[in-house]
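A.B. asks: These protein sequence lines map, in sequence, to chains A and B. Number 983 marks the last residue of the first sequence (the working numbering); no jumps. Number 338 marks the last residue of the second sequence (the working numbering); no jumps.
In case anyone wonders, no lab produced these hints; they're calculated from the structure. The model shown is predicted, which means the values in this text are computed figures rather than measured ones. Please note that a few of the clues may not be correct.
Claimed, not checked - A few chain A residues facing chain B, derived, Cβ under 10 Å:
| id | residue |
| --- | --- |
| 1 | T772 |
| 2 | T773 |
| 3 | T775 |
| 4 | L777 |
| 5 | E779 |
| 6 | F794 |
| 7 | D806 |
| 8 | Y810 |
| 9 | T826 |
| 10 | L837 |
Ideal Cβ placement from N, Cα and C applies to all residues, glycine included.
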Amino acid sequence: MESSIAVTGLTKKFGDFVAVDDISFSIQKGEIFAFLGPNGAGKSTTIKILTTLLHPTTGTILIEGNDPVQDPDAVRHSFGIVFQDPSLDEDLTAYENLDFHGILYGVPTATRKARIEELLTLVELSDRRNSFVREFSGGMKRRLEIARGLLHHPKILFLDEPTLGLDPQTRNHLWSYVQKLNAEEGVTVFFTTHYMEEADRVAKRIAVIDHGKIIAEGSGADLKKQTSTTTLEEAFLSLTGSEIREEARSSVDQMRQARRAWGGGTRR
Amino acid sequence: MNAIYVMWLREVKRFLRSKSRMVGALGQPLLFLVALGYGLGPVFAKAGQGNYLEFIAPGIIGMSIIFTAIFNGMQVIWDRQFGFLKETLVAPVSRLSIMFGRTLGGATVASAQGLLVLCIAIVAGFRPTSWAGIIPAFFIMLLVALLFSALGMMVASKLKDMQGFQLIMNFLVMPLFFLSGALFPLTSVPAALLWVARFDPLSYGVDALRYFLIGTSAFPLALDVSILVVVTGIFLSLGAYFFSKIEV
Numbered sequence: 716m717e718s719s720i721a722v723t724g725l726t727k728k729f730g731d732f733v734a735v736d737d738i739s740f741s742i743q744k745g746e747i748f749a750f751l752g753p754n755g756a757g758k759s760t761t762i763k764i765l766t767t768l769l770h771p772t773t774g775t776i777l778i779e780g781n782d783p784v785q786d787p788d789a790v791r792h793s794f795g796i797v798f799q800d801p802s803l804d805e806d807l808t809a810y811e812n813l814d815f816h817g818i819l820y821g822v823p824t825a826t827r828k829a830r831i832e833e834l835l836t837l838v839e840l841s842d843r844r845n846s847f848v849r850e851f852s853g854g855m856k857r858r859l860e861i862a863r864g865l866l867h868h869p870k871i872l873f874l875d876e877p878t879l880g881l882d883p884q885t886r887n888h889l890w891s892y893v894q895k896l897n898a899e900e901g902v903t904v905f906f907t908t909h910y911m912e913e914a915d916r917v918a919k920r921i922a923v924i925d926h927g928k929i930i931a932e933g934s935g936a937d938l939k940k941q942t943s944t945t946t947l948e949e950a951f952l953s954l955t956g957s958e959i960r961e962e963a964r965s966s967v968d969q970m971r972q973a974r975r976a977w978g979g980g981t982r983r
Numbered sequence: 091m092n093a094i095y096v097m098w099l100r101e102v103k104r105f106l107r108s109k110s111r112m113v114g115a116l117g118q119p120l121l122f123l124v125a126l127g128y129g130l131g132p133v134f135a136k137a138g139q140g141n142y143l144e145f146i147a148p149g150i151i152g153m154s155i156i157f158t159a160i161f162n163g164m165q166v167i168w169d170r171q172f173g174f175l176k177e178t179l180v181a182p183v184s185r186l187s188i189m190f191g192r193t194l195g196g197a198t199v200a201s202a203q204g205l206l207v208l209c210i211a212i213v214a215g216f217r218p219t220s221w222a223g224i225i226p227a228f229f230i231m232l233l234v235a236l237l238f239s240a241l242g243m244m245v246a247s248k249l250k251d252m253q254g255f256q257l258i259m260n261f262l263v264m265p266l267f268f269l270s271g272a273l274f275p276l277t278s279v280p281a282a283l284l285w286v287a288r289f290d291p292l293s294y295g296v297d298a299l300r301y302f303l304i305g306t307s308a309f310p311l312a313l314d315v316s317i318l319v320v321v322t323g324i325f326l327s328l329g330a331y332f333f334s335k336i337e338v
């Protein structure tokens, strides 16, 4: 089978810090692939590089046959993404956020309207469609973000910790929707998560990354066998150790705080 | 095309919804008009320069446009911090159209603000020499707004956080405004100041507005318009280039 994502020798350095260290992997068309690792292991950096938001330091990447550095526009046509951190426009309503996204992604009007209805129901925000996003709780924003990521049906779907902070009901809805999309439209899915049970259940293949390197790769069963453990969580801990990782506090967190201190809502 | 429209619509919607922003952006020009227009008016008249309120009204319109336009361009920094920028950067549309849509939206908002200030000035006692002059004056406002939206976008594409924002206000926007001849006639300033003002695109914007609204100008209209058009072109291209290079 042809590969949907092919990465060879990818390295990303920020100054002296090596965030991603010479990783290679390939994902076949229609595969569901989980990318697991502790905080700060290099998961989000890899996703940013694959999705044209960052340039790699070295290495070659092909996304549906196109290089994100040489031909970012072609690459952007082939994927959809749910980001790990918020990316909604808080000064627009829930509906407008979805509608604008649909227009940007060229979803035809009739399909767009139908899908927005379907997805608002899926994430249980139908009755809040005309509320401004800034009035939403963290969980509601997350749900809206997911609905937006599923609005157009791309060849590849990147989900960066999509279920973070969601209740089990929404999590289940999300995964069954994603699996349906994968089965019916052959969408390739690349996701990260900290819920090991989820990765084990949904992903056909799993790669574990730590300190910027891929340290294990295979199906959930392979990883468990390799580490002689019974659950993927145990396998993960045996691979990555039990030390807790810290991520640097981002400038975004500081900004959020500053904005709250200035009294919220309006952006000046 | 759709991308340009959506990005434009976003700017306009946000402006229309933010009443506090509108009021805030009108308060300052009003203060300038009243305090300077009425306050310095008698001195200006005694110096034989005529009606100061009439003289500064186009300058204050220029001020409100440059402030609003640059603020709007700088919105990119907020969008970067709050994540929405990423959403637009991964969309399957050219970054050029995203940048252009945003700039156009910012320019629309800023020129609308300029028109509102014109209305306020009229209420305060300003009378244009000819009412028909308001139409070409509006096109000048649009051009000035486009120029400074593109400038704001250009600068914001290079900044990572709001720390740089104060710096931009103090070392870019304020000098651009104060050195532009918005508040004083360029025809009778020291040569050094005139020389500086010649490098300030706002000088030509305000000058062209004066030409259409009060019938006086320091430079020929053709010079004003060609400089505005050329500088807008340069800023738009540079802005588009920097915007296309953004990494988050």
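A.B. asks: It remains to establish, for every hint, whether it holds in the given structure.
C.D. replies: Consistency of the hints with the structure:
1. The beta carbon of A/T772 is not positioned within 10 Å of any beta carbon in chain B (closest approach about 12 Å), and the interface hint is therefore violated.
2. Of the supplied interface hints, the one on A/T773 is violated, with its beta-carbon coming no nearer than about 16 Å to a beta-carbon of chain B, more than 10 Å.
3. The closest approach between the C-beta of A/T775 and any C-beta of chain B is roughly 18 Å, which is over the 10 Å cut-off, so the hint fails.
4. A least Cβ separation of about 17 Å between A/L777 and chain B goes past the 10 Å threshold, and the interface hint is therefore violated.
5. Interface restraint check: A/E779 against chain B, minimum CB-CB distance 12 Å, threshold 10 Å, status violated.
6. The closest approach between the C-beta of A/F794 and any C-beta of chain B is roughly 8 Å, which is under the 10 Å cut-off, so the hint is satisfied.
7. Proximity of A/D806 to chain B holds as hinted, the smallest CB-CB distance being about 5 Å (cut-off 10 Å).
8. Below 10 Å, beta-carbon pairs count as interface contacts, and A/Y810 has none with chain B, the closest being about 12 Å; its hint is therefore violated.
9. Hint status for A/T826 relative to chain B: violated, with the closest Cβ pair at about 14 Å, above 10 Å.
10. At a threshold of 10 Å, the smallest CB-CB gap from A/L837 to chain B is about 19 Å, leaving the interface hint violated.
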